[in-house]
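**Student:** Can you make the complete structure from the sequences, with help from the hints?
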Amino acid sequence: MDRAQIVHENFLKRIANRDFPDGAPPRAGLSNTDAVSLFRSQVLSRALDRTSRAMQKAGQGFYTIGSSGHEGMAAVAHALRPTDIAFLHYRDAAFQIARAEQVPGQQIAWDMLLSFACSKGDPTSGGRHKVLGSKALTIPPQTSTIASHLPKAVGAAYSLGAARRHDPEHRELPQDGIAMCSFGDASANHSTAQGAINTAGWTSVQSTPLPLLFVCEDNGIGISVKTPKGWIQASMEHRPGIKYFQANGLDIFEAYAVAQAAADYVRTRRRPAFLHLKTVRLYGHAGADVPTTYLSKSEVEADEANDPLLHSVRLLDQASALSPEQALKIYEDTCARTDRVAAEAATRPHLTTAQEVMASLVPPKRDCKPTNGPSADARAKAFGGDTRAMDDPQPMSRLINWALTDLMLEHGEVVCMGEDVGRKGGVYGVTQKLQQRFGPDRVIDTLLDEQSILGLAIGMAHNGFVPVPEIQFLAYLHNAEDQIRGEAATLPFFSNGQFTNPMVLRIAGLGYQKGFGGHFHNDNSLAVLRDIPGVIIACPSTGADAAQMLRECVRLAREEQRVVVFLEPIALYPMRDLHGAQDGGWMTTYPSPDQHIALGEVGVHGDGTDLAIVTYGNGHYLSQQALPELQSAGLNTRIIDMRWLAPMPIEALIKATEGCKHVLIVDECRRTGSQSEALMTLFREEKGEIPVARVVAEDSFIATGPAYAAPLPSKEDIISAAMTLTGATT
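The C-terminal position of the sequence shown is numbered 730 in the UniProt record's numbering, with every residue numbered one higher than the one before it.
Treat the hints as calculated values from the structure; they're not laboratory data. Just so you know, not all the hints are guaranteed correct.
Computed list of lysine-lysine pairs in BS3-like fashion (alpha-carbon distance at most 27 Å, straight line) [said to hold, decoys possible]:
#: 1; residue 1: 329; residue 2: 13
#: 2; residue 1: 135; residue 2: 120
#: 3; residue 1: 229; residue 2: 243
#: 4; residue 1: 365; residue 2: 120
#: 5; residue 1: 381; residue 2: 329
#: 6; residue 1: 381; residue 2: 424
**Tutor:** Right, here's the structure in full:
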């Protein structure tokens, strides 16, 4: 007999015998009516756990990590408002069920069973995953089983204060709301959790409003690894800037009273709190897990004897709210009802085609108020003396700065954040003067933690802002890439487009830095970004393109709710000359604010038919340097700047290379995993009769010092490859 059946039979037997576990009497504060309602939510959570296992055995369900032992979270839900955004631990079915009781018109059992069955009628994910989540309940769907949702909870909490100061057009959350996130004691050890908790405290001690409630559900174990006794309290009780609360999650009266006190503290003080909720885990980790393989039988039975439903029946009886016989009737009726509803849910259709599955990768567009752009007076005030230089050619870094200024003038919901972006103006000065122009609310200097920077952006996007976070160097993204891969990019997918977190992630990257190099500052690998479904990657090569593409990126985020990566080639930030000293060949003038380069629009330079060079970023610069020698060799050449790396602009590239006899791909990223691999495949499939070759970087990290460029493509490499490909001679 499995542990779920043992727990079920123990419950029936002990209720019949009035054999209850010991515990404190009911605390004041929870009415009898509300207490019975919470018990019903707890029972439905338990029944759904049992039903999910039966569905899996019958091949009708696909997820069995349950909430049994954590039913006390129903009391936490009751202490909050249904408009308080909640990022939930995967054992929090009772929270979602109790919150559904606060919102009229919900059919929570039906909705959750559709999710168990992966039915495309599931109102949250549309059949893509078993998730806790609901638009009506302000619960973004969560698929992570660790703590990767905590950074965005910090961001959402920050957005509540920010929205009071700068109300965004598409604000989702009430200004008097709070944010809540829950997680397990094992997840509390994850670097993501520690970073988020640290960020919350760091923010709080500076008196910045951050109304966030952390809820740690401490069942003492993570799959099979025990949490040291007292660890959560010892490590969390004295965190600077965060008030600690503790409650027995087996006791709904105590859990509600303490959760209400914690929520009131967060709501009135606008400061974070940590609620440490003691729970037990029943059944083991998941359906296939046998807890007695790593715990003694006596330990397993001790947890089962502390079944929170047994505690609830005892407390309800002591409060004269519900007799044990009435409680048993609720339990039996609920189990029978979930079985009936599950049988119907299992008949509902599933997703069957790739098109159906992928339909929510791209979020829906949203209506935005029209704008004519910033006024002349506003621009004159913001730019000051810079306006006199706008008619003169400038390097890329300055044009990006001006584009950001115009965008922030035009759209009050655009917010920049990152390490050193404000007072210092960025490592390379790209964000200079922005904090002076728009203030620290909109140009936010963050702590040194990439997970927190991206979490801040994701959370603020949940509340209608259009974040423009900055990661100082491409290599630093690897510290936090799951915030894009596992959180930002998956949200519309797993919510069927109901929740979005649009942003424009600015990253300084790629190679060719001479004086400040090495593999941390010269990172030429984009593979970690290119394979994330739904993410757009833009990479300009000239200042004018950068300004126009950045405007399009913000439009894509603001109007189409997309997650966009704007990759800025560091070596081209200051680039002025192309062929000779002081020729100014790589500088451009600032395009007027109404000029954009649309997603998928490539740059075509020249109309030669002998050779098409397909490239981007620094590759475009090097190809232009090589052009005179190629032309001298009789090669009539055109250079095609991709600009948009993902999704690959396939149709535009095919059209741009029409009539060309040879195609040379110049890719500054590594031979393995680079854009060149996809481009080679594309041209072989579409233009199989045309010779194609590539110039790429070696599969190597980049050294500091004089050898910085040794593994990277060069002007000479491009010329040599072009000659070999075409058979031309100098």
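**Student:** Determine for every hint whether it applies to the structure shown.
**Tutor:** These are the hints, each one checked on the structure:
1. 329 with 13: holds (13 Å)
2. 135 with 120: holds (16 Å)
3. 229 with 243: holds (21 Å)
4. 365 with 120: At roughly 22 Å apart (the allowed maximum being 27 Å), residue 120 and residue 365 satisfy the hint.
5. 381 with 329: violated (71 Å)
6. 381 with 424: holds (21 Å)
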